[in-house]
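Visitor: Letter by letter, the chains look like this.
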Amino acid sequence: MSFSDGLLHDMFRRFSARSADPLALDEATASRLLAGAIDPADAPPGYAPVAAVLAAAAAPRRPEELTGAPPTLVAAGPAHPPAPRRTRTLRLTALVGVAVVAVGGVAAAATGSLPGGVQSVAHDALGAVGVSVPAPARAHTHRSVPARRSARVVAPRRPVVPHGPSPHRPVVPRPHRTAPVPPPHQPHPRPRPAPSTVAAALCRADAAGTLSPLAAGRAGRAYRSLAGLARGAANIAAYCRGVLG
Amino acid sequence: MLGAGFAAALDGARGGDDAAFASLWSDLQPSLLRYLGVAGGWAAEDLASETWLRIAQGLDHFEGDETGFRAWVFTIARHRVLDWRRRETRARTVTRPVEHFSGRPAADDPAADALEKVSTDRALALIATLPPDQAEVVTLRAVAGLDVASVARVLGKRPGAVRVLTHRGLRRLAELLGAELPREGPAAGVVTP
Chain A
1 MSFSDGLLHD MFRRFSARSA DPLALDEATA SRLLAGAIDP ADAPPGYAPV
51 AAVLAAAAAP RRPEELTGAP PTLVAAGPAH PPAPRRTRTL RLTALVGVAV
101 VAVGGVAAAA TGSLPGGVQS VAHDALGAVG VSVPAPARAH THRSVPARRS
151 ARVVAPRRPV VPHGPSPHRP VVPRPHRTAP VPPPHQPHPR PRPAPSTVAA
201 ALCRADAAGT LSPLAAGRAG RAYRSLAGLA RGAANIAAYC RGVLG
Chain B
1 MLGAGFAAAL DGARGGDDAA FASLWSDLQP SLLRYLGVAG GWAAEDLASE
51 TWLRIAQGLD HFEGDETGFR AWVFTIARHR VLDWRRRETR ARTVTRPVEH
101 FSGRPAADDP AADALEKVST DRALALIATL PPDQAEVVTL RAVAGLDVAS
151 VARVLGKRPG AVRVLTHRGL RRLAELLGAE LPREGPAAGV VTP
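Line by line, the protein sequences give chains A and B. Its first residue numbered 1, the first sequence is counted upward by one per residue in our numbering. Its first residue numbered 1, the second sequence is counted upward by one per residue in our numbering.
Chain A with its partners taken away, still in its complex shape (with noise of 0.2 Å):
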């Protein structure tokens, strides 16, 4: 864009904010707006601030979004050429059905004393009809079937700190953690220390009883932010005890 276009372009912006609409962007700023590439000091006026805003929000990983191990893909013997996935889910199926019985049928299982990767899917398979069985401890991995590539991962939903060496679990390089990790088997990570005045503003506003999961509109909105920032709606009243003191 030249400089005369811009000119042009900047007094037509203009006349039409005076017109119609004052935050009215055009699709070139608005891309180059989501994008990061403008500076809130050379933003649109009343732009400013979601220049600022959006360029937070897209800022560069930070150390707590990669805590807690990347899920595993476990790959039981050989890889081969990839089958249609309904044909390895077959597979997969047959293969607990089979290892069930040879490990010693239901009892073994409802023991938990498969090996965790069948333990894992027998847990969801007999539990469908109606057998408890044990779900697998997550840190473990062991394989004792020998089978081909099956279609299981591991991705486990928190951080995880490994039990001991494990033989059969592949090594995955973990990413650089700098953030502590919690001991294994807690239930919920502490709350993250926010003392910022939104979680406080969220906090008394929740206390006051504006705040509703089933409200539509800001009010569920606001609820759900603060349940995040909660890590999760059964934390909120501990949360904010801590946040307000």
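Check before you lean on any hint, since a few could be wrong.
[As the list claims (entries may be wrong)] Simulated coverage check for chain B against chain A, where a stretch passes if three residues somewhere in it have a Cβ under 8 Å from a Cβ of chain A: (1) 34–44; (2) 47–56; (3) 79–86; (4) 138–145; (5) 160–169.
Hints are computed from structural coordinates only; laboratory data are not their basis. Using N, Cα and C, we set each Cβ at its ideal position, and we do this for glycine too.
Add chain B to chain A, keeping to what the hints say.
Guide: Only chain B this time, still in chain A's reference frame:
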């Protein structure tokens, strides 16, 4: 973005290479968590786990470049969000009568001091106060770095609709952050009737 290393990472992950899968994860997980935080609130981490499970299951079927991969990943994530919202709606019971909340003014406005020092969490919390479709579009474009066509694919909308939502979202943010909004009082009420 992994750029030149993407194809190798994708091939490796398809072959069962955990290190390759981990490189895809570490590249995408931060923006995935931020998107899920805006769209799925406190369930973001669990939704991210579910998303990665689906990604791993579907890797063999994915075809495309890195731009397409990112759009595919966020499409999966959005489906997890929609599924979660349905579950939440079913599971949620009324803990407080709805009329208890109507007409009450907000104690404060999250936007009020967003300008002073904007942290990523506060910026995302502010974006999350937008109407859900606007919040999603703004997050997918600004945080996930998706273009209009990719966002349209993720949301199953037409590109024109995405542009409109984008403009409305940006405009709403400007209004939220504008000085003309009173900081407290009935006019800044959080509760919409």
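Visitor: So, for every hint listed, does it hold in this structure?
Guide: Hint-by-hint comparison with the structure:
1. 34–44: holds (count 5)
2. 47–56: With 5 residues in contact (Cβ-Cβ under 8 Å with chain A), the coverage given for the region 47–56 of chain B holds.
3. 79–86: violated (count 0)
4. 138–145: holds (count 6)
5. 160–169: holds (count 3)
Violated hints amount to a single one, hint 3; each of the other numbered hints is respected by the structure.
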